[in-house]
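Construct the complete structure from the given sequences, taking the supplied hints into account.
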Amino acid sequence: MMNACPEKVIRMMDDYLDGEISPSEEKELKDYLQSCSDCRKIYQELTKTIAFVQSVSHVQAPPDFVQKTMAGLPKESQRVGVKRFMRHHPLMIAAALFVLLMSAAMMSSFSDDQQFSFTKQENLVVEGQTVVVPEGQTVIGDLTIRNGDLRVDGELEGDVTIVNGQYMASSGVINGEIEEIDQVFEWLWYTIKGTFQDAMSFFGGDDQSIEE
Amino acid sequence: MDALVNKRIKRVMKGDQDAFAEIVELYQHQLFQICYRMLGNRHEAEDIAQEAFTRAYVNIHTFDQNRKFSTWLYRIATNLCIDRIRKKKPDYHLDAEVKGTEGLNMYSKIANDEELPEEELMRMEVQERVQYEISRLPDKYRAAIVLKYIEELPLAEISEILDLPLGTVKTRIHRGREALRKQLSNL
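Top to bottom, those sequences are chains A and B. The first sequence begins at 0 in numbering that gives the first Met the number 0 and counts up one residue at a time. The second sequence begins at 0 in numbering that gives the first Met the number 0 and counts up one residue at a time.
Read the hints as simulated data drawn from the structure, not as lab findings. C-beta: ideal position from N, C-alpha, C; glycine also. Hints are not guaranteed to be accurate.
[What the hints assert, rightly or not] Just so you have them, the derived chain A footprint on chain B, three or more residues with Cβ under 8 angstroms:
1) 3-9
2) 13-22
3) 29-40
4) 58-71
5) 143-152
6) 164-174
[Unchecked claim] Not everything, but these chain B residues come out facing chain A in the computed CB check (under 7 angstroms):
7) R122
8) M123
9) L183
10) S184
11) N185
Here is the structure:
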């Protein structure tokens, strides 16, 4: 159909051009091409065709191709975005978290400031704004009192922290340390210390989950 | 390079778009080239290449990481190109009826309908002419020829991209080559 040359020669030509010819057939093909001008012409045209196709210069994607392609993608999940942000900006995250926790702690402490509160322990009695350890009773555990006073008539086994209040001299016994915090500045410092420790332990514990 | 690509693909699988941007960066020119040679038109090539990347991104979970990523990506792109070519040519179903050795003549007949006049062909630059002749090839020969001679991929990889037995790929390359030889004989 396409020429008068034997099919075998055409097949050998194809094998040769595919780079899949045996050395013996390659020799056979070359010998044959010497003897047949029609076959030689086809062979030359084929190699010329391949050269032409290969010579087509390589085109490049347009310069904004990546940007355009990315803009066309469906949006990524937010979780990954946050994760990547944390991976790339650990300090920023630390700072932001610190500020956040700080302000949260401050806010809550400011509102708490106005209220009378104390650690609930067994045997404690409250008289107005005063927490009382009654005579003959023993309270075991630490005690924190805000905006109130403390009077110990019995025995207290634990440390005491009093914010905006005072420890009133009394006949009881306290087996622990007493800390009175009256001034706003001191209270702030106390809060900051606590928050900072919270923040540090938060980062210490969360490291693995960020790194996966 | 494969290890680098696989690392990025793992991140893409978790939904990380930045990692995918690096993949696009890496393969954009080759993919665009395939589409351009298949379609013969920059605008369409850009369109289809973008679509191919988008599909790869959306279907990244179906990619088998033990295989070569480029093979998978090129396969998406060539399929999209073939779809596009067939949509442009509504009478392409003729393809189904012409199997075997008669195929070439039938294809040439279809191609001849769109043939440019001789004098116009003569005015073309060589590169322009070659592209024109490639785009006149039936789509299945075109894909095989582009992957073999422009992307210079090994036959085994072409067979994987086109999802065809090696023998079929060879046949298509041989027929495409023969068709091009005839089309370019006056050059």
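Outcome of the hint check:
1. Counting residues of the stretch 3-9 of chain B whose CB lies closer than 8 angstroms to any CB of chain A gives 0, which falls below the minimum of 3, so the coverage claim is violated.
2. Remark: the stretch 13-22 of chain B is confirmed as covered by chain A, as 7 of its residues place a Cβ nearer than 8 angstroms to a Cβ of that chain, reaching the required three.
3. Against chain A, the stretch 29-40 of chain B contributes 5 residues with a C-beta closer than 8 angstroms to a partner C-beta. That satisfies the three-residue criterion, and the hint holds.
4. Counting residues of the stretch 58-71 of chain B whose beta carbon lies closer than 8 angstroms to any beta carbon of chain A gives 0, which falls short of the minimum of three for the stated coverage.
5. Under the rule that three or more residues need a Cβ within less than 8 angstroms of chain A, the assignment of the stretch 143-152 of chain B holds, with 4 such residues.
6. Note: the stretch 164-174 of chain B has 3 residues with beta-carbon separation from chain A under 8 angstroms; the three-residue rule is met and the coverage holds.
7. Against a cut-off of 7 angstroms between C-beta atoms, the interface hint on B:R122 is violated, since the closest Cβ of chain A lies about 17 angstroms away.
8. A least Cβ separation of about 12 angstroms between B:M123 and chain A goes past the 7 angstroms threshold, and the interface hint is therefore violated.
9. Because the smallest distance between the Cβ of B:L183 and any Cβ of chain A comes to about 5 angstroms, under 7 angstroms, the interface hint for this residue holds.
10. Given hint, B:S184 at the interface with chain A, holds; its Cβ is 6 angstroms from that chain's nearest Cβ, closer than 7 angstroms.
11. Against a cut-off of 7 angstroms between C-beta atoms, the interface hint on B:N185 is violated, since the closest Cβ of chain A lies about 11 angstroms away.
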